[in-house]
Structure formats: structure tokens, C-alpha cells
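Here the structure of chain A is known, so what remains is to put chain B in place on it, guided by the hints.
Protein chains in written order, with this note's numbering: chain A, 1 to 273; chain B, 1 to 299.
Do not rely on the hints blindly, as some may be mistaken.
Quick list of in silico lysine to any residue cross-link-like pairs, SDA-like style, CA-CA up to 20 Å [claimed, not checked]:
1) Lys36(A) <-> Leu72(B)
2) Lys36(A) <-> Arg78(B)
3) Lys90(A) <-> Trp48(B)
4) Lys90(A) <-> Leu84(B)
5) Lys83(B) <-> Leu33(A)
6) Lys273(B) <-> Glu224(B)
7) Lys36(A) <-> Gly153(B)
8) Lys180(A) <-> Ile130(A)
9) Lys83(B) <-> His99(A)
10) Lys83(B) <-> Leu101(A)
11) Lys36(A) <-> Ala160(B)
12) Lys106(A) <-> Ala34(A)
13) Lys61(A) <-> Leu179(B)
14) Lys222(B) <-> Asp194(B)
15) Lys83(B) <-> Asp98(A)
16) Lys83(B) <-> Asp37(A)
17) Lys222(B) <-> Asp11(B)
18) Lys61(A) <-> Pro43(B)
19) Lys23(B) <-> Phe233(B)
20) Lys61(A) <-> Leu170(B)
21) Lys61(A) <-> Gly173(B)
22) Lys90(A) <-> Lys83(B)
23) Lys7(B) <-> Asp194(B)
24) Lys16(B) <-> Cys226(B)
25) Lys90(A) <-> Leu63(B)
26) Lys90(A) <-> Val62(B)
27) Lys7(B) <-> Ile26(B)
28) Lys7(B) <-> Asp228(B)
29) Lys83(B) <-> Asp51(A)
30) Lys36(A) <-> Leu80(B)
31) Lys61(A) <-> Ser178(B)
Keep in mind that the hints were calculated from the coordinates and are not lab data.
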Amino acid sequence: MACGVGLLGLGVGLYARHASALPPVAIRPPGALAEKDFQGACIRCGMCVRDCPYDILNLAKPEEPITTGTPYFVARQLPCEMCDDIPCVKACPTGALDHSLTDIGKSRMGLAVLVDQETCLNFLGLRCDICYRVCPVIDKAITLDPQHNERTGKHTRFIPVVHSDACTGCGKCEKACPLKVAAIKVFPAALAKGEANEHYQIGWVEKEKAGGSLVAPDVEHQYNLPEGYRYEYGGRGLVPEGNGVPPAPGGAPVPSVPQAPPAVPRALQGGKL
Amino acid sequence: MNAAPKKIGADAVAAKGWRGAHKWLILRRISQITILTLFLIGPWFGVWIVKGNLNYSYTLNVLPLADPYVLLQTLLARHLPEKLAIIGMAIVVVFYLLVGGRTYCSWVCPLNMVTDAAAWLRTRLGIKGGMHVSRSARYWILGMTLVLALVTGTIAWEMANPVSMLHRGLIFGIGAGSLVIALIFLLDLLVVNDGWCGHLCPTGAFYSLIGRFGLTRVAAPKREACNDCMDCFAVCPEPQVIRPALKAVGGAGPVILAANCTNCGRCIDVCSKDVFVFGTRFANRTEPLALSAAVAKGL
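Bound-form chain A, shown alone (with noise of 0.2 Å):
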């Protein structure tokens, strides 16, 4: 008996196991501690679930790749909102919700991240903007960065990023997306974030740090730029120097393409804007 048992236990751990990998569309509750911790501590009682004033949640049933009655919400369907107060945590009576959360805008639901590039209509060019608008730690959890766009040559992409300081993982953006799709998405944290080297450092964060070089007294980037031209940052690429009429041929040679970077070439054109 003692070895069927035995087996039997060896079944549900590892069933345990399997079923701990928590599938990229279900996201824990605000406050919910990382995965191994969260399913030693929930006991599946509900209570978050009734405390819950948008009726967001769900406790996960048998059949679902969830551990069995743990709660779970998925963006897409239905995103958090956000409550001030986090009911949903007080309600918690093995603190799986962890109660030291008060501040709403530090939980770490799971993470947003702009999966598909090639469907994202800010991406195309359009200002769509959606995602960002409806963040409610908008400008700090997804800003839009201008880019060059490189199809039309003249206007400026917008392009959504997420940043995980900011980023609650609460879904709104996920659940607006106006595609049939979303292009942006929630997932768990672990899931979603990547994490640097231990010894990795960034150069212009440690010089600051220091307050100046940390190898060398840092030399004056030396370009070498065609003869009587300027390269302007603004977007306009190379421009010839003094009036802006370009030097008469014979003079300073006009740069030929294949001498210009990949990203220059249109670039090139920017006097003729």
C-alpha cells in the first residue's frame, strides 16, 4: 500500500509540476508572489475572486493548463482596473496576495510587450496610439519614441515602448488593441523580461556614475564627412556647408552612394525636402 500510495504521490507532484508553468495568457492577481511561492501559498479559497469589484477574476478549473483553483485573469477578455484600494489583496487570507502591496501602481501583474512589429499599426506609421492612451501609467509604463520612418522617407513612426519600471501588467493596453490580435500583450514577468549578465555594465551609465570617463580622457568623435558637408541630426542627413547650395561638380565630389552607410541613402535626399 505504502508503494501505491507512494506512486500516487509521485503522480500529483509531478502533475504539480507540469501544471506550476503558468501559460503566457493567464496573469495572477495584483500582489501575487513569484509562481513556486504563490501556489505554496494560495489555498484557492475564492476570496479575491468575490472581492474583486469588476468580476475580473477566475479560479482556474481542472481542465485548464492553471494549477486547479487558483485565480487568474486574462487580459485580452478582461483587463485589471486598477482599484486604489486593491480589494482583491485585502481579501487574501494567506497574503499569496502579497499584503504589503498599497500601492497600486507597484504591482507587478506580469509585463506588456509589443509582440508583433509587423501588424502594430504605430509600426506601419499610423498614429493608432491606442495602447498607449489607455495606460493608466501612461507616459511612464509605454511611451512612444519617434523614428524615422524609412518606407515614406518624411514622416516620423511612433513607436510604443514598454518599460518594465513603470509597467504594471494590468492589460489595458492589451485588452484596446484594436486588432483582431493583439499586437501588444501581457504576459508574466518571467516570461517576458530578459535579464543582463551579472557583470555587465552600461558605459554611459557607469561614466555618469563617475562623473566622467572610466578608461581613457574621451576623444572628440572624429567624422569623416564629404568635403564641404555637415551631417545634421535633425533628420536631413548630410547638408552642404555654408548657403546650402551644393558645391559645383568638380569641386568637392557629391559623396557617391555605396560610400554612405546603409541607413543613409535616403537620408541623402534630405536637402531636397
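Chain B only, in chain A's frame:
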């Protein structure tokens, strides 16, 4: 086929009438259904008297109740719950120390209605025999679930526990959990008589450990009146608990002290001679017949 055996409890019905012979059964069903209803009228009708489920509930925003078995697994998974859960656990432990641990099984647990239905159908269909499983298997399973919590650091048993699966399922949506409950029903009906509650369930095993010191007990103070009809043994889901008290095995007193008595009271119902009553465990000492029997034995 044998001659149709006398229906269990027929003598009691004849002696006490149908209601007299089903008194505790009816009270038990009222208790089970009332508790379940209190949990269900919240999600069904928006009347929030009780929130949560049997693992943890909060009544009228004042009374926390927590299942000590699941909380023990949390502790073994190295997590300390919040204050309310610990208070809730203490209340539940004290309550079952007073009323008897496995009272949970027959008066509260929703799965009891499923296994009772299986047992009833099994008797009706005359299904006999089946696989032999030791009644101590539940303690092995209980130990296994606790070791599992310790080793995995998670409440692994809650993924499989049919007791919480059914109760949570009724309240929050059961999904494929209904298959697990159907399996339990079929196990009890076809494979092992009283298979789940009487042999395997670790929740019951856990409550029986609290019940070891339970105050409320069934006793057989009029055991001399027993006419050996065997109805109590036939109806009892844990018949091994009756014999010492009823038959004074080894000079035992009339109180059923065995931890696995679920205080269901069916033996009281089906006895036409009213041998059994509810009492306290202390009745074992003050009962004069038992005392004289003990004296007679020179104890």
C-alpha cells in the same frame, strides 16, 4: 439469489416510525444543504452571507473559517498565512475538538452526499464485495500529501483533492472536476464499499486526528438491549468503530471513542431498541453500567 434480506432499519421504522428512524439523517442533510446554500446564495442571488469556500470562508465580514488541513500544507510549503487565516484555523480546530473531528465529514462535506448516494444505490442494487483496501490507506495518503507539500513547496494535493474540487466547483464553476466526482461515485458504487470516505480521503483522515480528542461522541448506554440485528453495522460507513463500545470488547465503555466515527448518527436512527445516543466522551466514566462492569473485571 438469496431470499431478499430484511431492509436495513426496517425494525426501527416499525418501532419509531419513518421520521424517528431518519431523524439524524434528515438533520444531517439539512446541515449539509444549508451550509452549501449559504455559500451559493452569494454567487447565485447576490446575497453575500458567506464568501469563499471550505478552504477559507468569511461570514458576514466578521467570522473567518479556515481548513486546518490545507493551512497545514501551506505551512509545510514554508509560507506563513495572514492573521485572519490563522484565527479561522483556530476557530475550526476548537469547533471540531468540541463536536468531534469527523463531524465535518458527515455534517459539512459536500462530497458526503455523493458517496452516501453511491452507498445507497449500492445497497439498492445489491452490489456486494469488491476490492479490499485497508482503512488505514487514508493515513498513508494524508502523510503523502503533507510530504508532497514539504518537498514541492506547493499545495500540490489541492490539484487533485476531490473534496475541495467539488465544493469550489459548485461555487466557482466545476468544469472537468465533475469527472473526478463521477469517478469517486463509481469507486464507491462498484469498486470499494465506502471507498472514498471510509478508506482513502486524507481530509477525513486529518479530521479524525482532531476527532481523537473530540468531545461529542455517539455512545451505546443501553447496549444490553442490543438484539444483534446488525443494522447499525450495515448502515455505518465506519462499522469497525461500533464493536468495542457496543460489545464491550476488552471491557470498553459504551462511548464510541474511535477517531473515525463521523458522528453521523445513522446508528441511532436505525436501532429499533434505541441503544445509541449522542453524548460526550466523558459518559464513558460516569456511566454506571460500564463502571460496574469495570469493577466486576477487577479494574
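Ascending list of hint numbers which this structure does not respect: Failing hint: just 14.
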